[in-house]
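S.K.: Could you put together the complete structure from these sequences and hints?
What follows is each chain in one-letter form.
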Amino acid sequence: MDPVQKRLVDEIIANWKDKPGALMPVLQEIQEKLGYLPSDAMEEVSRCLNIPLTEIYGVATFYHFFSLKPKGKYKIQVCEGTACYVKGAKRVLEKFEEVLGIKVGEVTPDGKFSIESVRCIGACSHAPAIMVNDQVHGRMNSEKVLQLIKSLK
Amino acid sequence: MAIVRANVLICAGSACVSSRAYEFKDALLKALEEAGIRAEVNVVDTGCVGTCDLGPVAIVYPDGVFYVKLKPEDATTIVNEHLLKGRVVNRLLYQQPMTKEVFPSLSEIDFVARQKRIVLRNMGIINPESIEEYIAREGYEALAKALTMTPEEVIDTVKRSGLRGRGGAGFPTGLKWELARKAKGNPKYVICNGDEGDPGAFMDRSILEGDPHSVIEGMMIAGYAIGASKGFFYVRAEYPLAIKRLELALEQARNYGLIGENILGTDFSFDIELRRGSGAFVCGEETALIASIEGRRGEPRPRPPYPANKGLWDKPTVINNVETLANIAPIILNGADWFSSIGTEKSKGTKVFALAGKVNNTGLIEVPFGTSLREIVFEVGGGIPGGKKFKAAQTGGPSGGCIPAEYLDIPLDYESLKQIGAIVGSGGLIIMDEDTCMVDVARFFLEFTQSESCGKCPPCRVGTRKMLDILERIINGEGEEGDIERLIELGNEVRQDSLCGLGQTAPNPVLSTIRFFRDEYEAHINEKRCPAKSCRALIAYQVIPDKCRACGICARVCPVGAAQGKPREIHFIDKNLCIKCGDCFAKCPFGAIEKVDIFLEKS
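Line by line, the protein sequences are chains B and L. According to numbering that gives the first Met the number 0, the first sequence is numbered sequentially starting from 0. According to numbering that gives the first Met the number 0, the second sequence is numbered sequentially starting from 0.
Simulated from the structure, these hints should not be mistaken for laboratory data. Here a beta-carbon is modelled for each residue, glycine too, at the ideal position from N, C-alpha and C. Careful: at least some of the hints might be erroneous.
Derived pair list, reagent style DSSO-like, types lysine-lysine, alpha-carbon separation capped at 30 Å [as the list claims (entries may be wrong)]:
(1) 72/B x 89/B
(2) 143/B x 586/L
(3) 68/B x 455/L
(4) 143/B x 89/B
(5) 532/L x 16/B
(6) 143/B x 455/L
(7) 243/L x 387/L
(8) 465/L x 417/L
(9) 74/B x 417/L
Partial list, computed: chain B residues near chain L (C-beta under 10 Å) [what the hints assert, rightly or not]:
(10) 73
(11) 76
(12) 90
(13) 150
Computed, partial: chain L to chain B, Cβ under 7 Å [unchecked claim]:
(14) 14
(15) 279
(16) 418
(17) 488
(18) 492
(19) 500
(20) 580
M.R.: Put into structure tokens, the structure is as follows:
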């Protein structure tokens, strides 16, 4: 972590330190602010909350929301909920992989895009749906994948 | 307060926001400004109207005209025609997909007219970001009434109403409260389970986004009834809008003294905190959810002891689902007899379903228990798109089962669905048509539960993996005789030997599809054929020469150069290059590409 990140992490810890069950919200806020959980941030959390690092690692790897590696500037999340699946989510995911030349779970070498597959985002009536950062895009198909990537490049 | 002559309610649910409802709103505000009538017209954001696939939608009052699929450029037309001249804009009205009939008002369209709205009573009517509007619709009156009753009387009312938990298991809510009330230990907690993990379900998200105060009020009444002074909301991190609206609602209620010390001048004090999930399906299970709030891996533990006796931080805890809590205020206000007069003998009240998949009207609906699947699919849902045939409905997500066409008239309630191996579940209702392969659907759900299994108990961790391996072989044309029997045997073992609900129900989609669609399994295994022509390993794409007009679109969209052809010559697909993505099939304007069986050599 650089000094700015360290200050952020310390602030987050200080906010929650005395509340019961602080670990989850602390990790969530670090994930949100830094985009991932750097190992030295987890060490800091361990030291300040007095929780063994192994336990923190256990929690961080249990939940999908946490990532130990940075994600792309544009975080593409392809919904693979039921409604999206029966309406062709598999092809949408493939098309992203095809266009970006990376597999699901990977980041492009320039750090611009990452692809993840996620469980239902609740946009079932717009299936197949995806999210880019927090923005939902509905009724996706191969053509719209191409247009979307073009507009972000 | 300024006098306005019209109100425009714009749906600000997640689905409408994702189809750019706010862009329409901005355009509308600008158009009102330009026409010089900004002060005469009130523009309000409201909760999910339910007609999610028609979004963005708006309702113009006092006339109650319902406009659909709005684009920013439609704003000027609505202002100039409707709001200035009083003429309804016909082209923006809803058209029934089968009969093409046009309906000017929301209450008339069959999607809405056939519903009974208790939980969704305020959706599309009030602004979810305004506590005043909630209060104007009898909001927090039930809390005030409950505080004049004894906790035992409140519990008795909920018990007599027949309300059962809406999260899936259907446990009687009043009984749960009574157990927690009688349990020894202090403090006690109420948790609202908003970890809506079933893929294809968005009821709880919509309620939290559209009417957060109704859930808060329900939680406070629960807290009073069991003697708790603290409540937690546990909401999925994937629902940012729901979290934002809930946070705002909590702040407003706190400012009004409705949350805090000595509420409404009584001895009752109650505080509420919001915690977010972190994307683990198993956390919908109550003991796993508790572990997650406590800051641990979300692994379930054996029950008993039940959370009612030993829950959060080992204290007595009631965990209720979002929809369950949203039912509480109307029950307290209108009485147990009123509520129990709705629904069937053992399933009282209404159920909210998230209708999605291959159906014309997708969205959020609320119907009395006992409504038939046929009514939901063909009347509320407006039938199957493209004139295709209904094949099955899937309820209860990865824990549920499917309901085939021969049971279309079955009343939807806890008992009837259980009889045919399906469950009401939390309310996801996915409609499948003839193009959906039921073996692949079973594989999809099992892949989901397999990857979401927390890994604590081997029957679930290993058993689901073994079952998934078999299903993958089958859809790849490598199924063997005896696979169906192996799936049934494994399924029964996983069901019996797993610790929590995830494992105990994980085999349901497989067992249920085998029960009703065994012929599809047999076709995959014995003939290496996918009847729905959906499994890639078992089909090929080819051009129908008589229909091809050599337009070249297939060749343009093909990502691997398999679709080929010279100008003015009939095109063809090179089967050695084809990856069977289906883009050409979807794009051909003449329907000149077909899917055919390829009949693998039998192994």
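S.K.: For the pair we were handed, residue 143/B and residue 586/L, check the Cα-Cα distance against 30 Å.
M.R.: holds (13 Å)
S.K.: Given the hinted pair residue 465/L and residue 417/L, is their alpha-carbon gap at most 30 Å?
M.R.: Measuring from Cα to Cα gives roughly 26 Å; hence the hint holds.
S.K.: Quick one, are residue 72/B and residue 89/B close enough, alpha carbons at most 30 Å?
M.R.: Roughly 23 Å separates the two Cα atoms, so the pair holds.
S.K.: Has the given pair, residue 74/B with residue 417/L, been kept, meaning a C-alpha gap of at most 30 Å?
M.R.: At roughly 41 Å apart (the allowed maximum being 30 Å), residue 417/L and residue 74/B break the hint.
S.K.: If you draw a straight line from the CA of residue 243/L to the CA of residue 387/L, is it 30 Å or shorter?
M.R.: violated (40 Å)
S.K.: With chain L as the partner, please determine if residue 150/B meets the hint condition of a C-beta pair closer than 10 Å.
M.R.: violated (15 Å)
S.K.: Below or equal to 30 Å on CA atoms is what counts here, so check residue 143/B against residue 89/B.
M.R.: holds (14 Å)
S.K.: Against the 30 Å threshold, does the CA-CA distance of residue 143/B and residue 455/L hold or violate the hint?
M.R.: Between residue 143/B and residue 455/L the Cα gap is close to 41 Å, so the pair fails against 30 Å, i.e. violated.
S.K.: Under the criterion of a CB-CB separation shorter than 7 Å, is residue 500/L in contact with chain B as hinted?
M.R.: Interface hint status for residue 500/L: violated (17 Å vs cutoff 7 Å).
S.K.: Going by Cβ atoms only, is residue 492/L closer than 7 Å to chain B?
M.R.: violated (25 Å)
S.K.: Taking the closest Cβ pair, is residue 90/B under 10 Å from chain L?
M.R.: holds (6 Å)
S.K.: Holds or violated: is the Cβ of residue 488/L closer than 7 Å to a Cβ in chain B?
M.R.: violated (26 Å)
Hints 5, 6, 7, 9, 10, 13, 16, 17, 18 and 19 from the earlier list are contradicted by this structure; the remaining hints agree with it.
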